[in-house]
Every structure is written in C-alpha cells, then in structure tokens.
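Make one complex out of these two single chains by using the hints.
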Amino acid sequence: MNMTHTIKHHLTPEILMAYSAGNLPEAFGLIVATHVSMCDTCRADLESYDAVGGVVIDDAETAEVSSNAFAATMKLISAGDAVPVSPRRSTGTLPSPLQDYVGGDLSAINWKPLGMGVKQAILPTSKAATARLLYIPAGAAVPDHGHNGTEMTLVLQGAFVDEEDRFARGDVEVANEDLEHTPIADVGEDCICLAVTDAPLKFNAFLPRLAQRFLRI
Amino acid sequence: MSNTTKDWTAQIYAIRDKQDQAAFAELFAHFAPRVKGFLMKSGADASLAEECTQEVMATLWRKAHMFDPARASAATWIYTIARNRKIDALRKQRRPEPEDLPWGPEAEPEQADAIGLKQETEQLAVAIKELPEKQRSLIEQAYFGDLSHSEIAEITGLPLGTIKSRIRLALERLRHAMK
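Protein sequence lines correspond, in order, to chains Y and R. Here the working numbering is used: position 8 in the first sequence is 8, and no number is missing along the way. Here the working numbering is used: position 121 in the second sequence is 338, and no number is missing along the way.
If you are wondering where the hints come from, they were derived from the structure by calculation, not from laboratory data. Check each hint, because a few of them may be wrong.
Calculated lysine-lysine pairs in the DSS-like style (CA-CA distance at most 25 Å, straight line) [what the hints assert, rightly or not]:
(1) R:Lys235 to R:Lys223
(2) Y:Lys127 to Y:Lys112
(3) Y:Lys127 to R:Lys309
(4) R:Lys235 to R:Lys280
(5) R:Lys280 to Y:Lys75
(6) R:Lys309 to R:Lys258
(7) R:Lys381 to Y:Lys8
(8) Y:Lys75 to R:Lys235
(9) R:Lys346 to R:Lys335
So the derived list for chain Y, only partly shown, Cβ under 8 Å to chain R, looks like this [claimed, not checked]:
(10) Ala18
(11) Thr62
(12) Leu76
Sample of chain Y residues at the chain R side, in silico, Cβ under 10 Å [as the list claims (entries may be wrong)]:
(13) Pro13
(14) Glu14
(15) Met17
(16) Leu46
(17) Asp50
(18) Val55
(19) Ala60
(20) Ser66
(21) Gly80
(22) Pro95
(23) Ser126
(24) Ala128
(25) Thr150
We treat Cβ as the ideally placed atom computed from N, Cα and C, and that holds for glycine.
Chain R on its own, in the form it takes in the complex (with noise of 0.2 Å):
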C-alpha cells in the first residue's frame, strides 16, 4: 500500500479515544516532514516553518475529536489545518471560515461513507499522478501560492466529480443530524 493510499483513521480515533501517544508518533513520522515542505515550499524559511509544523500537529491531537473520514481523507484534514497555518503566519490577514457543521457522536459516519470517499480518495490521487507533468506542476503551484486566479482558472477542470458527490452525502447526513 503506498503512502497516499493509508488511511490514518485508527490512528486519529485513539488519539481522540485514549490519548495515544504511539499512534501520535505513527502520524507524526509521516505527517510532520510534509507539513514543513509544504511550508517551506510556500515561502516559510527553514526555523518558521519547523515552528508552525510543530504548531500544526499539536492542532491535529487538540482537534482530533473534530476529524470526519466520511468527509476528508486525514492528508485533507491535515492540509486544511497546514494551510490555514501557512495564511496566519505568512499572509498576516485575517481568515474568515465558513460556519460549522455539527461534528460528535450524533454525526458519527456510517463505516460504508468512511469507506467510499476512501476510494474516491485513492482515484483522485492516481488521476492526478498521471496528468502531464506541466499540469501536474501548475496544481502544485497553485496550492503554494504562486499562481494567479487567472492561472488557476486554466487547471480547475480536475476529475473531482465523484468525490464531490461522496462528500455531498457526508454533509446531507451532517445536515440530517442538525434537525
């Protein structure tokens, strides 16, 4: 199984569940070298970018009770989490986020929506492995911050269609537990 495809859901639950330092190390190993390339890669120097990754996995154990793998995969998650990160500490504005949906034990997902946007996942991933390099390096620009909108306009027509509606279901079920 190659990195993209592991699924950290186990190791997210026993942080939340028991405070799984062992677990926490798993994701760290894997997770941490990333967080900070992303941040580096972003415009971060060396020393900023080892102080925000360290913030960023101290966010993933607090949040953790907070992490849905019906909606985002943990690298999502983690992204997320890095990136607003990265728009605190490099572009120094503030960062309105969109309203809450419930999260907790009413919402627990159903095993078979984990599992489904699980493979959507998986299939993102590989379709994006074989775009042409040059599109393959405009997305990676333009989740560093180096692109125009203008420029991301030209790389929006991704193959998202399926994981769009699998999380569109996660948050019908969300919106079902609201009532």
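So that you can see chain Y by itself, here it is in the shape it has in the complex (with noise of 0.2 Å):
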C-alpha cells in the first residue's frame, strides 16, 4: 500500500508526538495508525518523535528493579510464546488496523443511511472522541457544518472537495472551530472517509441539528 508520493495532506506535528507519547484518545489513535500505514512521510515523522522518547527514557531518572526482577524476566520469557514472524498488512482498500474495528474489508461495514444518499458507521473506541466511517455518494455533499472541537478526516476511497482543497485516498484533513465546510463528493467514484471528532459537529441547517440528536453526528 506505498502511495506515499500521491498524499498531499498530512497529520500535524502535535497529534503525531501525542501518539508517539500515547497519550490520544482511542479514536485520533486510529486516524493516525490508518494515515501512517498509508503515508511514509508521517511513518518516519512518527518514528523521529519516537526517537525523541528514546533519549527522554534514556535519560530519565532511574527505579531501581526487584532484586529477583532478572530471574522472573527469565522465567517469563521460558513460559511466553514466540511472536509470530508473518507481517499484519492489508491487500483490501481499508488498512489493517481499520479492518481490526470493521471486522473486515469494505464489504463488512455495518452503513446506517443519514439520508440523500449519505452513511455512517460508528466504530467501537473508547468515549473520550468518535471515530466513524462517512459514505458520501459521487457528487453528493456533506451537510454544510462547523465545529466544535477537533474533526480529521481521512480519505479511504474516492476524494473529496471543500472551500479548502481536494481530497483524495490517504490525504487527511484537520478542521477545527475555524473551520466551516460543505465536502462534496468528487463525481468520479463514491467517496469513503474516516472521520474522527472530539466533539459534535454544528450543522447550520435545521434538520441536520434534528439528526443530529438521533444520528450521534
């Protein structure tokens, strides 16, 4: 899955020190482990930020360890499995650690219709954001909205368009409470993304607000 010389729009410095540190909440730790199988450039940022934790343990303050702790390392290691040798990567459209939450490739998403056209999937993560796949058919639009919070999105098949650039597979945008868009589907091919907020969006129409209530947006 090396498409890393077409992705034009990549995660922020900020959430990928943040994941390096584990310290996101469950659904911005999937936008970013499905961006990162997607995009080198973000892998070896990732990696370099990592390195940045190396010298922090490296030069942390000390704990001193259990005079039997070696022994009982040993022991583990004799009792534990092997890990096994063959690699976890995808050959379908979703990355591996998005199919971990769909239970599959495209086929096993469980859509539930937003109307004209419009899906959602809520995926299982932890309450502090929400993590969901958007189905938007070709040409069809997004309800034009704001936001609260932090919105990523990410692009898994087809593209998109918004007052601010085109979208396409891997490309990954960050909205924020500045940030007031109507994504329109490119007509080519039905657009697929992964949308991870830590806050409900603000739809400006009146019957979005409505669905919104039902509809967890």
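In structure tokens:
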C-alpha cells in the first residue's frame, strides 16, 4: 500500500507527537495508525518522535528493580510463546488498523443511512472521541457544518472537495473551530472517509441539527 | 562514551541469534531501571511498574528478530515497547497500530545506514540536552503523559529534520524489499 508520493495532506506534528507519547484518545489513535499505514512521510515523522521518546527514557531517572527481577523475566521468557513473524498487512481498501475495528474490508461495514444517500458507521472506541466511517455518493454533499472541537477526516476511497482544497485517498483534513465547510464528493466515485471528532459537529441547517440528536453526529 | 550514545545492537543480535543470556543481562541492567522509572513517572505505582518492566524486557527478548538498527536505536525501540505496555496497563483502551513493514533477512540493513541512524540519534540527544531547562522539562512531561495537545503543539519544533530523512531512507529500503 505504498502511495506516499500521491498524498498531499498530512497529520500535524502535535498529533504525531501525542501518538508517540501514547497520549491520544482511542479514536484519534485509530486515524493516526490508519494514515501512517498509507503514508511513509508521516511514518518517518512518527518514528522520529519515537526517537525523542528513546532519548527521554535513556535520560530518565531510574527506579531500582527488585532483586529477583532478572530471574523473574527469564521465567516469563521461557513460559511465553514466540512472537509470530508474519507481517500484518492489508490487501484490501481499508488498511489493517481499520479492518481490525470494522471486522473486515469495505463489505463488512455496517452502514446506517443519514439521508440523501449519505451513510455512516460509528466504530467502537473509548468515549473520549468518536470515530465514524462516512459514505458520500459521487457528487453529493455532506451538510454545511462547523466544529466545536477538532475534526479529522481521512479519505479511504474516492475524493472530496471543500472550500479549502481537494482531498483524495490517503489525504487527511484537520478542521477546528475556525473552519466551516461543505465537503462535496468527486463525481467519479463514491467517497468513503474515516472521520474522528472530539466534540459534536455544528450543522448550520435546522434538519441536520434534529438528525444530530438521533444519529450522534 | 556516555550511556546515551552506547550502541546495544550487538547485544540484541546476540539474543536474536544465540539466545545469549549474558547479553540480555547487560541490556537488562541498563534499561530495566529506566523502563521502571518511566512507568512510575507515567503514573504506575511501584508494583505495577515492576510487573510491567519485566514484561517489557521479556518482549524485548521475544521481538529481538524485529529490531532494525537502521530505523531506530535500541533506546527508541525499547521506548516504543514500554509506551505500548503503558497504554495497555494504565489507559485500558485498545491501541490501534500502523500496518507492519517487512522485517527479516531479505531487508537486512546496510551497516552504513545503521551507523548513520546512530549518529543522528546521538545528535538528537545532544540537541535535546542543550535546550533551555523549561523546554526540556516540557518534552519529558509530554512523554510521561502530562501535557494536553495544545501544550504539545508548543514543543513540536524540535530539530528532527536530519533523523527524519535518515528514517525515510530506511523505510524506502523496506518498501523496496516488499516488491
């Protein structure tokens, strides 16, 4: 799944550093792991933040381990199973970290209609943030909306265009309070995205606001 | 040679190739107290930190065949194992991980790449040591899990350009081996 050269829109440094520090809500961890599976630029950035972690742990204050710690660890080693060497790598449209949550590739997604052909599937993550897959028919629009918190959208199939730019497979758009946008799917192909939010979206029309209550958008 | 710049590749290869307990003992003496200190700073009590440290060190042994010195120093690699254990033990949520890149003999790193990565890691350690005390302590806090995202945004401007390009080269080599 090497498409590094085609990806234009990347993760932000702070989200990569927070992932490296193990400090992200699960839903944001999912979008980072999925994008990094598709993007070697961000994988290298992430691993350089891991290198900072390596410097921190090497310089950190030590804590004395118990006197039998080495023997206890050798016991763990002889009791444990070998780590399997077969790599975890996807051959489908969805990268492996996402397939782990969906339970398969595109055909396994449990879509719920949102109207106008738009569909969503909420993925099971911890409550601190929400991850959902969005299905936007070719040429259709997601209702005009703003954001209370941070919304990150990663394109998995097709492409969408909004007031900012065009986003194709592997591209990620990071939206915050300042951005109000109406994403429209490219006419060529239905668009499938992973969208992650840490606060509800603000829709600007009355009907979507009603729907918001029922559909947990 | 200071601890930070010590190269542990030979010890990890000795574990991988010969299940060498003496080499493992050397790694253990250096890293186990650091892993335990890191876990306690991250909020684990002493007994949980002790238990997790032994598991982290056991994982190091079992995954020795996956260590790639052209892509990460031993300290970096052990940090990621400890970080993962920390999330599992303290945060109790699932931990999505990126897809694997290939490992193993077909992608055995060139010595020159490993040396290059080692030099970049040393320079990074020096650069971090030379930062003003306040900024250095913020970086530590970020990795111990005490900073919000907006606070992290203020310290991401680290001198990472050269180590990034070095890691990118290692990734290209792995991608090439996949074809």
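Holds or violated: are the alpha carbons of Lys127 of chain Y and Lys112 of chain Y at most 25 Å from each other?
Status holds; Cα separation ~20 Å.
Let's test the interface hint: is any C-beta of chain R closer than 10 Å to that of Ala128 of chain Y?
Holds, about 8 Å.
Satisfaction of hint between Lys258 of chain R and Lys309 of chain R, Cα-Cα up to 25 Å:
18 Å, holds
Going straight from one Cα to the other, do Lys235 of chain R and Lys223 of chain R come out at no more than 25 Å?
21 Å, holds
Is the shortest C-beta separation between Ala60 of chain Y and chain R less than 10 Å?
5 Å, holds
Does the nearest C-beta of chain R fall within a distance shorter than 10 Å of the C-beta of Pro95 of chain Y?
6 Å, holds
Does the CB of Pro13 of chain Y sit less than 10 Å away from some CB of chain R?
Result: holds, 4 Å to nearest chain R Cβ.
So, Leu46 of chain Y near chain R? Judge it on the closest CB pair being under 10 Å.
8 Å, holds
Verify the interface restraint on Thr62 of chain Y: the C-beta must sit less than 8 Å from at least one C-beta of chain R.
Holds - the Cβ of Thr62 of chain Y comes within 8 Å of chain R, reaching about 4 Å at its closest.
Compare the distance between the alpha carbons of Lys127 of chain Y and Lys309 of chain R with 25 Å, and conclude whether the hinted pair is satisfied.
Given that 25 Å is the threshold and the Cα spacing comes to 12 Å, the pair holds.
Proposed interface contact between Met17 of chain Y and chain R, which counts if any beta carbon pair is under 10 Å:
5 Å, holds
Hey, does the Ala18 of chain Y contact hint survive, CB to chain R under 8 Å?
5 Å, holds
Hint compliance for this structure: every hint is met.
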